[in-house]
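K.L.:
Listed below, chain by chain, are the residues.
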Amino acid sequence: MAAILIAGFLFTQGADNEFYFFASYVVLQGLVMAVAWNILGGFAGYVNFGSAGFFGAGVYTSIVLNKAFALPLPLLIVASGCVCGLLGLATGVLTLRLKGIYFAIATLAIAIMLETVASNWEYVGGAAGTFVLQPTEFFVFDSYIELLFMVMLSLSILAMIVARYLSSSKIGHGLSAIRDDELAAECMGVPTLRLKLVSAVTMGALMGMAGAPYPFFVTFIDPISAFSLLIAVNAIAMPMIGGTAAWYGPVIGALLLGLVQEISTVTISSELNLLIVGVMLVGFITLAPQGIVGLARKLWLKKRSP
Amino acid sequence: MNAVVTGVLLGGFYAAVALGLSITFGQLDIVNIAHPTFVIFGSYVAYIVNENFGLDPVLAGIAFAPVFFLLGMALYRVYYVSFERTGQESLSGLTFFFGLMFIIEVFLILFYGVDYRLVSAPYIGKTWHLGFIDFPLRMTVPFVVAIVMTGGVFLYLSKTYMGRAIQAVSQDRLALQLMGADPIKVKQIALGIAIATAAVAGALLIIIQPVEPSVGRLYIGRVFAIVVLGGMGSIGGTLVAALMIGVIESFIATFYGPSWAPAVGYGILLITLAIRPQGIFGRA
Amino acid sequence: MPLLEVRDLTKSFGGFVALNGIELHLDPGERLGLIGPNGSGKTTLINCISGALFNDKGTVVFEGRDITKLPAYKRARLGIARSFQIPRPFKSMTVLENLCIPLEYAAWKRVDHRRIDDEAMEILDLIGLSDKAQDNSSALTQIELRKLDLARALAAKPALLVSDEAMAGLSGTEVDEILDILMMLNGRGLAVIMIEHIMRAVVRFSERIIVLDAGKKIAEGVPDDVMRDPKVERAYLGE
Numbered sequence: 001m002a003a004i005l006i007a008g009f010l011f012t013q014g015a016d017n018e019f020y021f022f023a024s025y026v027v028l029q030g031l032v033m034a035v036a037w038n039i040l041g042g043f044a045g046y047v048n049f050g051s052a053g054f055f056g057a058g059v060y061t062s063i064v065l066n067k068a069f070a071l072p073l074p075l076l077i078v079a080s081g082c083v084c085g086l087l088g089l090a091t092g093v094l095t096l097r098l099k100g101i102y103f104a105i106a107t108l109a110i111a112i113m114l115e116t117v118a119s120n121w122e123y124v125g126g127a128a129g130t131f132v133l134q135p136t137e138f139f140v141f142d143s144y145i146e147l148l149f150m151v152m153l154s155l156s157i158l159a160m161i162v163a164r165y166l167s168s169s170k171i172g173h174g175l176s177a178i179r180d181d182e183l184a185a186e187c188m189g190v191p192t193l194r195l196k197l198v199s200a201v202t203m204g205a206l207m208g209m210a211g212a213p214y215p216f217f218v219t220f221i222d223p224i225s226a227f228s229l230l231i232a233v234n235a236i237a238m239p240m241i242g243g244t245a246a247w248y249g250p251v252i253g254a255l256l257l258g259l260v261q262e263i264s265t266v267t268i269s270s271e272l273n274l275l276i277v278g279v280m281l282v283g284f285i286t287l288a289p290q291g292i293v294g295l296a297r298k299l300w301l302k303k304r305s306p
Numbered sequence: 307m308n309a310v311v312t313g314v315l316l317g318g319f320y321a322a323v324a325l326g327l328s329i330t331f332g333q334l335d336i337v338n339i340a341h342p343t344f345v346i347f348g349s350y351v352a353y354i355v356n357e358n359f360g361l362d363p364v365l366a367g368i369a370f371a372p373v374f375f376l377l378g379m380a381l382y383r384v385y386y387v388s389f390e391r392t393g394q395e396s397l398s399g400l401t402f403f404f405g406l407m408f409i410i411e412v413f414l415i416l417f418y419g420v421d422y423r424l425v426s427a428p429y430i431g432k433t434w435h436l437g438f439i440d441f442p443l444r445m446t447v448p449f450v451v452a453i454v455m456t457g458g459v460f461l462y463l464s465k466t467y468m469g470r471a472i473q474a475v476s477q478d479r480l481a482l483q484l485m486g487a488d489p490i491k492v493k494q495i496a497l498g499i500a501i502a503t504a505a506v507a508g509a510l511l512i513i514i515q516p517v518e519p520s521v522g523r524l525y526i527g528r529v530f531a532i533v534v535l536g537g538m539g540s541i542g543g544t545l546v547a548a549l550m551i552g553v554i555e556s557f558i559a560t561f562y563g564p565s566w567a568p569a570v571g572y573g574i575l576l577i578t579l580a581i582r583p584q585g586i587f588g589r590a
Numbered sequence: 591m592p593l594l595e596v597r598d599l600t601k602s603f604g605g606f607v608a609l610n611g612i613e614l615h616l617d618p619g620e621r622l623g624l625i626g627p628n629g630s631g632k633t634t635l636i637n638c639i640s641g642a643l644f645n646d647k648g649t650v651v652f653e654g655r656d657i658t659k660l661p662a663y664k665r666a667r668l669g670i671a672r673s674f675q676i677p678r679p680f681k682s683m684t685v686l687e688n689l690c691i692p693l694e695y696a697a698w699k700r701v702d703h704r705r706i707d708d709e710a711m712e713i714l715d716l717i718g719l720s721d722k723a724q725d726n727s728s729a730l731t732q733i734e735l736r737k738l739d740l741a742r743a744l745a746a747k748p749a750l751l752v753s754d755e756a757m758a759g760l761s762g763t764e765v766d767e768i769l770d771i772l773m774m775l776n777g778r779g780l781a782v783i784m785i786e787h788i789m790r791a792v793v794r795f796s797e798r799i800i801v802l803d804a805g806k807k808i809a810e811g812v813p814d815d816v817m818r819d820p821k822v823e824r825a826y827l828g829e
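Chains as they are written, first to last, in this note's numbering: chain A, 1 to 306; chain B, 307 to 590; chain C, 591 to 829.
Chain A extracted, bound-state conformation:
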């Protein structure tokens, strides 16, 4: 992991073309969202349709705190993480006792409600949106974008470490049991509600942290872009395409899908790009529900037994 961080740092020193950093930021953002989504979606089996809600909440927390107190970025990230973690907790407490379907719809509900609130809130510009200034200090980097890239890279690594730890630990086993058969898990001593809440909080916090630097990345935010459906779909598509069973599935999915999207946005058009994501998602779900990880495992098993 440390190696990746160092490699990323050297990259910023060496490369000149800013576009790479722009693109990488977006891909890595998708990665954090995908890994976070999978903690509740893949590990515990509760689908979150409202990832944009958590992301957007992180965005707006960042905007509000920046406007009111001009806090530095690291604090903004932490703050967004806390706020969205609490949001995850609230959502979970309200709906995780019910069937997974209701949780999924509730997450969508919360995302749209937050978007409505943001659209009506004059302090952050309401529906018209607001401008955010990029700070002029970039420490050892050549530009602010490079700094943001490193920030997102660090967040990605954090997300991966958290996911990896969760999946192999006792908590991860409990989550798998919940996903397979919640009633049986409960009868075997697994505190199902508590573990689900832990997952929801972790997912929310990570998504919020992913959203915090976004205002500085795009410099103009309005509710539609902050709570964009594309973010929500990507957050689901990347883990499902990559494979939800393992912690690295979303990573594979994010890198693959992110790359495809960056290429198609530049070469074809951004609307067609959306269509591609949707089709890939539906295609993979119908044909390869276990994702790329699942396909790889099947191939590997086939090779072992001739």
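Where hints are given, some of them may not hold.
Taking beta-carbon pairs under 10 angstroms as the criterion, some of the chain A residues facing chain B (in silico) [stated by the list, open to error]: (1) Thr95; (2) Leu98; (3) Tyr102; (4) Ile236; (5) Ala296.
It should be emphasised that the hints constitute simulated quantities derived from the structure, not laboratory data. Computed from a prediction, not measured in an experiment: that's the story for all the values here. Where a beta carbon is used, it is the ideal one built from N, C-alpha and C, also for glycine.
Position chains B and C against the provided structure of chain A, taking the given hints into account.
P.N.:
What follows is chains B and C alone, placed relative to chain A:
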């Protein structure tokens, strides 16, 4: 007072939109989160027909209902083969419809952009005045059609053989098979009917308000709120809940401003889920 | 002190009274049979004891402690384990991993954390599933699934094991296999409540039998007495 009337008219229309979901979610246990998007699709179909052939949107909706019916049947086939057979309904099935919703929406954006579309018909813009109550025709006509359609579906489900089979299929597959009805065929027809209602509901929608592709998402909350509040599997419940939500939304829009209206549906949904998940008329 | 005491337990579903004032006690290490016609409330009673359902009235006391309001996972930790009428393995996991869940959770305080895998293997040896340890649990046969359910319940290191129709649908020799396992488990100090329809198994196994009918206890006693009780015959065969 007018707010109440508007609310009732709107509520009747909402019932038409929620009808399809009431069938799929209530009877078939299929969480078709893309249903509102199918309705929007229906709106665009009505728009195209109205623009190019001048046909009244309601007639266009009814004319295309059979096409949508076939679409629904095909959709069930795909869903069954990919998900129900392998037992993956909850996670993958849900996401399947989410992806479908996204695809339809993007498709519409690609072909028609994000501009609002509307239809023209002789009764749009006219208002009935009954004493001091106003009945804007652009809402009254859809209301009437909606009630007729809801009533029709209700009668179909309770009186006809196939209708009762649909009600039974979620509760007792074995009994159904013993009766000689193929559960798969029954579910296919059910989803076909549900999507067919989307065609008509879509036509009604574009009479009431201008439509653009993302409007569907605003309706997801309303529609699920209606189905959950009314109680799973109860058409009557759906109607009552729809009327209630229509009236509440109307009040909120009148006194707090229309931009808060979409939040009402979702808010009610969350509250219902928290206090009484089986809804007013539903079984536990 | 009795291991389990159920006092005046009542549970309704809407208007339907599934259990009406049930009284039950169980001593440590005892073998209790629970029988009754279909729909008499046996599984509902078990669900109320294990915590999968909460009763409306009455109390459940385990090892002297009132557990009526405790959620199922806490009861599992205290030492109540159960198998299911239809086996419910954790399908994405191997047989061994299935056992690790109760070992890591329900039995956490009663187990050496560094030896979880070994403990799991020991239990599989005991039950006779050790050669399937690395197989995915969805690939097992009917009787193997039953054994897995029992093994998993055992992995919770319980003081009380409830076996819910573990022999349903099995052949004659398979029934004897499960019976032997349950006897062996009881021999190690486990109290067992056996719900079963296969009469010869219940009679052979139980020290005491309780009969339920339409939510009420209609008979209790040693197997011979209960089997000859005319009320019991009527409950099963009708008037």
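K.L.:
Tell me the numbers of any earlier hints that the structure contravenes, in ascending order.
P.N.:
5
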